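Asker: Residue numbers (this note's numbering), protein chains in the order written: chain A, 284 to 591; chain B, 115 to 610.
Honestly, the hints are just simulated from the structure, not real lab data.
Covered stretches of chain A, going by a simulated chain B footprint (3 or more residues, C-beta under 8 Å):
hint	segment
1	357-368
2	371-378
3	429-437
4	440-446
Predicted model only: the values in this text are computed from it and were never measured.
For every residue, glycine included, the Cβ atom is placed at its ideal position computed from N, Cα and C.
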Amino acid sequence: MLRFLLHRGGQALVAAFGVVTLVFFIQRLTGDPTALLLPETATREDIEAMRASLGLDRALWVQYLDFLRDIARFDLGRSFVQNAPVWTILSSRIPYTLQLAAGALAVAVLIGLPLGLAMALTRGRAVSRWMMGLVLACQSMPTFWSGIMMILVFGVWLRWLPSSGTGTPAHLVMPSIALGLLSLATFARITRSAVVDELGRDYVRSARARGVGTGRLVRKHLLRNSLIPVISITALEISQLLAGAVIVETVFAWPGLGLLTVQSIAARDFLVVQAVVLLGAFVTIGANLAADILYSVVDPRVRLSARP
Amino acid sequence: MTHSIRGLLAGVALAVLALPAYARDITVDLSGEPSSLDPQVQWNPDSYYVYRNVFDNIVTRDNAGEIVPEIATDWEQTSDTTLALTIREGVTFHDGSPLTPEDVVYSVKRIIDPAFASPQLGQFNQITDASAEGNVVTLTTDGPYPALLAQLVKLSVVPQAVVEEMGAEAFNAAPVGSGPYVFEEWNRGVSVTLTRNEDYWGEAGPFETAVFRAVPDAATRVADLLAGTADLVVGIDADAAAQLAGNDAVQVLSAPTERVGYMGMNLDKPPFNDLEMRRAASLSIDRQGIVDGLLMAGEVPLAQMASPAHFGYAEGIEPFEYDPDAARAITEANPELAATPVTLATAPVFDQRIVQAVQQMLDDAGFSVEISMTDMPTYLADAQAEDRAERPALSFGRWSCACQDADGIAYPLLHSSSNWSRVADPEIDALLDEARVSLDEQVRLDAYAEVAQLVRENYYLLPMYQAAVLYGAASDITFEPTANESLFLNRMSVAE
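Work the whole structure out from these sequences, hints included.
Answerer: Structural data, given as structure tokens:
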């Protein structure tokens, strides 16, 4: 087990280093941000002075080593647009993103799993096709459209829910649904196919032959065995949720990391953009690592096959 | 019994309905949150919409655009390079301390200190010194500087003692000013809350509290306004305005701004080194069509690089003609020049509807235009290339100096010494230099009129329109938008 952990942990570290390097060089590929930070009337001398004060006039490899050292010390720098440490800005937004991600995941799991199960158990019947249509709709609606539609219907027309912003639990409802819809569809489809797979197996047939009812069959036998693909999907979905949050948070003015990304890009605040990208990458790497470890707990065969 | 209950309910309903008018608050949806609340750091709209209510400036512009007293009650040009400002007495900061001439001196020196590295430095770095004597503050400039007052409209006065005690970062997080609204709370990423300054020396605001929220999506801002959760929204386009138009609970407000939309050309290279080809380009652009059919927010076609909101706007400049047939005749007479590939350099921040429309119009007239979309840093690097001849062959821009003075647009775009200019005409250079340092208003007006005429005759730039800005507001709010795009809460009012 220790060997497996070290192996997977090492892989995660290499991936993290790759991301850090990539982020640094891609930022530099898009040109020099100095001119963006100054008003149009700035002279060439003003631009040079700003560049020197940001340390952008140094050799690229010096900047890169500096960047690596700062990252190793968890020093993300100071935003020169917002005039505050990047970490302060980031940490003020993280709780919002966690709330939204939790809400969306809840929508996806609490609706998606039962829906998938129901589709599997009723497969071949008309009701299953109806449910499949619903799942397809959830998956096909672009978030920026479904979000605005929800705002217009529930916020402006019916006035059941606040149209945007934060403050009360009611504010979280629409963004969670908007963000959760796509994942809901994924969970429903994966659960359906996993359960359908299991339904054809011998142990299900023998259980049925022993007279085990559907409820007991699902609870005692099917769910646990269908869970492995669902766990791996959860890890993937967490990174999906982070990406989707960029749009959902923008539409609902939800002040999480996604909105911060958009605002920082618009304000040309490249240190913040860099930090959000790094954070997103680390979360994705971490979630995948956690999923790997979790499989090995659920299914020891995974652990053994990792041996070189 | 039933009656009394009904009466009671009606009473409660009346009280509830009456409450908002009695203690009306305002929620303003901006597109982003302020970058800074320290008025001497960032000066983007989302920041100054908020901090201009917390701070007073040295002078201000009234709704008609005239420069009027604020912290300075009077001013006098005491020599070519010194301006004496009489400082208003009896003004207090929100912490109760008096606003002194020393605070004004400190504010000026803070923003012109290169070590402070304010992005606004370029607007004030012609000031070399400030000193106080009695209630008079004297500003010294490095030469005669006629646009100084226009710049002081944007110089906010900060309390020296508070800033020095708190430090820049804490001051930015909890600013203390002398304006009509007091900073209450900044909920990062969400909103900034201000409350009315009951001791304000000038006209008090009509709202007890004001909340400025960051709502990035324009459709959501419009929905917030329609749902009644926002009272004033900025940054909407003509489509959203049309959506609001049929609703009695809301209104659309619009004002022309000081931003000028224009096409710039590279005059060193074919085809636009040729006057006739530039004329053809101008003839092929349907300015009225762009204003009426694409922008639709109340923009005004222009034939010079200044708007009526600018000092130095020249009367009597002949409007540009739109005559695609005449343009075609010119390109057909110069087939080689017309076939020269032209790159229209642009970046995502520019209105791509206009970029594409202009490309189409020029191509229809026989030019061979290709759009080159790059990221902003690359675009800026090209636009400010060291060698003027390497700057873009064609580009669309919207220029504002936030000073409402012709110098702020003409100098950077037309003077041969500027990073941006693709024009090198000694006559224009001489006129702009003269207007930049003359303290005689008539001399300046004459010089800018001559520059406008030269640009018009030589098609050095193709001015297109004066940009407009749209706001959506609850119908009980009276608000007169201004050319400098400020939201002064104390100039608004609420219908009872």
